[in-house]
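S.K.: Sequence:
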Amino acid sequence: MLRRIIWHLQLAGFQAGRQRNPSGAISGDKLTVVADGAWHAYDVWTLGGAGRPISVIFYEVFPPNPVADGGIPD
Numbered sequence: 052m053l054r055r056i057i058w059h060l061q062l063a064g065f066q067a068g069r070q071r072n073p074s075g076a077i078s079g080d081k082l083t084v085v086a087d088g089a090w091h092a093y094d095v096w097t098l099g100g101a102g103r104p105i106s107v108i109f110y111e112v113f114p115p116n117p118v119a120d121g122g123i124p125d
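Numbering of the sequence shown is given in our numbering, commencing with residue 52 and proceeding in unit increments.
Worth flagging that the hints you see were computed from the coordinates, not collected in a lab. Note that the coordinates shown come from a computational prediction; the quantities given were computed from them, not determined experimentally. The beta carbon of each residue, even a glycine, is placed where N, CA and C say it ideally should be. Among the clues, some could well be false.
Label-pair ranges, simulated between beta-carbon atoms [said to hold, decoys possible]:
#1 Arg55 with Thr97: 15 to 23 Å
#2 Gly102 with Ala63: 29 to 37 Å
#3 Arg103 with Gly64: 31 to 39 Å
#4 Ile105 with Phe65: 21 to 29 Å
#5 Leu62 with Phe109: 17 to 25 Å
#6 Phe65 with Gly102: 31 to 39 Å
#7 Thr97 with Ser74: 15 to 23 Å
#8 Gly102 with Pro124: 25 to 33 Å
#9 Phe113 with Gln66: 16 to 24 Å
#10 Gln66 with Gly102: 34 to 42 Å
#11 Trp90 with His59: 14 to 22 Å
Work the whole structure out from these sequences, hints included.
M.R.: This is the structure we're talking about:
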């Protein structure tokens with residue numbers, strides 16, 4: 052789902068990609084997007100738990116560390 056969000060953002064004309072965590076791993080629940088001329092990183096959902104659905108959120112996290120990704124079309 053994250054890569055589809057990225058694809059839709061790019062389709063709408065935004066620069067968007069995935070987020071590299073401080074550990075070096077590429078995040079599965081964070082994206083980066085250019086807003087007001089600068090990169091920003093956002094956590095887009097909580098992973099929930101066994102038997103619990105994910106919650107959609109949009110919290111800015113720091114620092115942004117964008118990784119290029121073309122997304123996945125619908």
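S.K.: Evaluate each hint against the coordinates.
M.R.: Outcome of the hint check:
1. Arg55 with Thr97: 15 to 23 Å: Taking Cβ atoms as reference, Arg55 and Thr97 lie about 18 Å apart, which means the hint holds.
2. Gly102 with Ala63: 29 to 37 Å: 35 Å, holds
3. Arg103 with Gly64: 31 to 39 Å: With a Cβ separation near 35 Å, Arg103 and Gly64 satisfy 31 to 39 Å, so the hint holds.
4. Ile105 with Phe65: 21 to 29 Å: Holds, at about 23 Å.
5. Leu62 with Phe109: 17 to 25 Å: Between Leu62 and Phe109, where Cβ atoms are some 19 Å apart, the hint holds.
6. Phe65 with Gly102: 31 to 39 Å: Distance hint for Phe65, Gly102 holds at roughly 35 Å.
7. Thr97 with Ser74: 15 to 23 Å: Cβ of Thr97 to Cβ of Ser74: about 19 Å, so the range 15 to 23 Å holds.
8. Gly102 with Pro124: 25 to 33 Å: Because 31 Å falls inside the window, the suggested range holds.
9. Phe113 with Gln66: 16 to 24 Å: For Phe113 and Gln66 the Cβ distance comes to about 18 Å; the hint holds.
10. Gln66 with Gly102: 34 to 42 Å: For Gln66 and Gly102 the Cβ distance comes to about 37 Å; the hint holds.
11. Trp90 with His59: 14 to 22 Å: 18 Å, holds
In the structure shown, no violation is registered for any of the earlier numbered hints.
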